Amino acid sequence: MTLATEGAEDSKRRSSVWVIFLIFTRLGLTSFGGPIAHLGYFREEFIARRRWMSEAEYADMVALAQFLPGPASSQVGFAIGVLRGGFLGGLAAWAGFTLPSVFLLIAFAYGTAGFDSPLAASVLHGLKIVAVAVVAQAVWGMTRSLCPDRERATIAVLAVLIIAFVGGSLGQISAIVLGGLIGLLIANRLPDATSATSAASSHTHLAMPLSRGAGAALLLTAIALLGALPLLHHLNIGGQEIALFDAFYRAGALVFGGGHVVLPLLQDSVVDAGWVTPDAFMAGYGATQAVPGPLFTFAAYLGFVSGPEPHGWSGAAIALAAVFLPGLLLMMGALPYWDTLRRFKSARAAMAGINAAVVGVLGAALYDPVWTSAILNLKDFTLAVIAFVLLMAWKAPAWMVVVGTALGAVVFAQIP
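In short: position in the sequence shown from 1, add 333, done, that's the working numbering.
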């Protein structure tokens, strides 16, 4: 291939930042269904329709996003934006996909601030009930895919036990670390554990505009912030702004297995700290299921409604940037090393153990705070079961189930 041909091919792989932003904004307005559905929308848009990349390249991006902590669909979208428009293209992709749901959730926060009627209370309780069905669906699906054998099912149970007896962030982190260590120890007993990882063709190469040195710098930055932010908070440097950024950065850095797993980490950070009330937390989580785009935008809602300053728009901006930053730094930092990393069975085994532990973490969250805050009587349980069946058996869109459950809660509140 001549230099002229290479330049022509490279120009075909470039798009303007504005075009990238518009495409991802449309996806951010229409992509319901959670991260797995988002990845399906991306494949249809960028492989089948626009042919921006090959199936193998896309499989590599998805495999790496599943391997790393963070919001998988947002990480893949950011990487696609970088591939097509450089770093600014990546930011345009992230902003377009993220901001629509951010604005919708902040509008919801504005509405709930003035809700003090019995009708509004019923609607908010219905949103808490639908969260039970959504998290139960996530636990069920993740158990089938991430704990298909007795070894990984046992890891999940051990994770629940750790959280039951240790609790808090320490229990969650300990469960995830233990899952990775057990995965390494039993690597030879696991069928090649991360099928999504091994499914990416070993003959493909992602030609991202990033050197290994730059990748290493990004990875070190992500790790350094994880240690530096708690230290700054402990030394009372930066005040509540640093405390807020630290809480959401830590949650974003430790989420494996999809957006629903951020729930227990954020609950521990903002509810236990007294920044957000339990009712506001669960109502916002329920509302998040009704909007398109990434589940991580729940952070913007929490930052907006948090008690101490900064809150409002500035709190939303801090929380949103903090929860997404580690995943995006890790994605960009790991891309130059992915071709090598995916060949190590030990890395795949550790990831399998971590994913199994994540199922246990989310299972514990299904009980507390999701179930304990929402299911107060038999009528609540009935609504939760109906919502779960609609999601699982009828495959109803999540937003329809959210609206239906909220209306059901209003109706049930009128029945003695």
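Worth double-checking, as some hints may not be accurate.
Under the rule of at most 25 angstroms between Cα atoms (straight-line distance), these lysine to any residue pairs were calculated in the SDA-like manner [stated by the list, open to error]: (1) K678 x E574; (2) K678 x A389; (3) K678 x A453; (4) K712 x L553; (5) K712 x D612; (6) K678 x T487; (7) K678 x L553; (8) K728 x L740; (9) K678 x A486; (10) K678 x L452; (11) K728 x V472; (12) K678 x I519; (13) K712 x A453; (14) K712 x L452; (15) K728 x T363; (16) K728 x I748; (17) K712 x M725; (18) K712 x F745.
Bear in mind the hints are in silico, worked out from the structure with no lab data behind them. What you are looking at is a predicted structure, and each value in this text was computed from that prediction instead of being measured.
Item to check | Hints the structure fails to honour | outcome: Hints 1, 3, 4, 10, 16 are the ones this structure does not satisfy, whereas the remaining hints hold.
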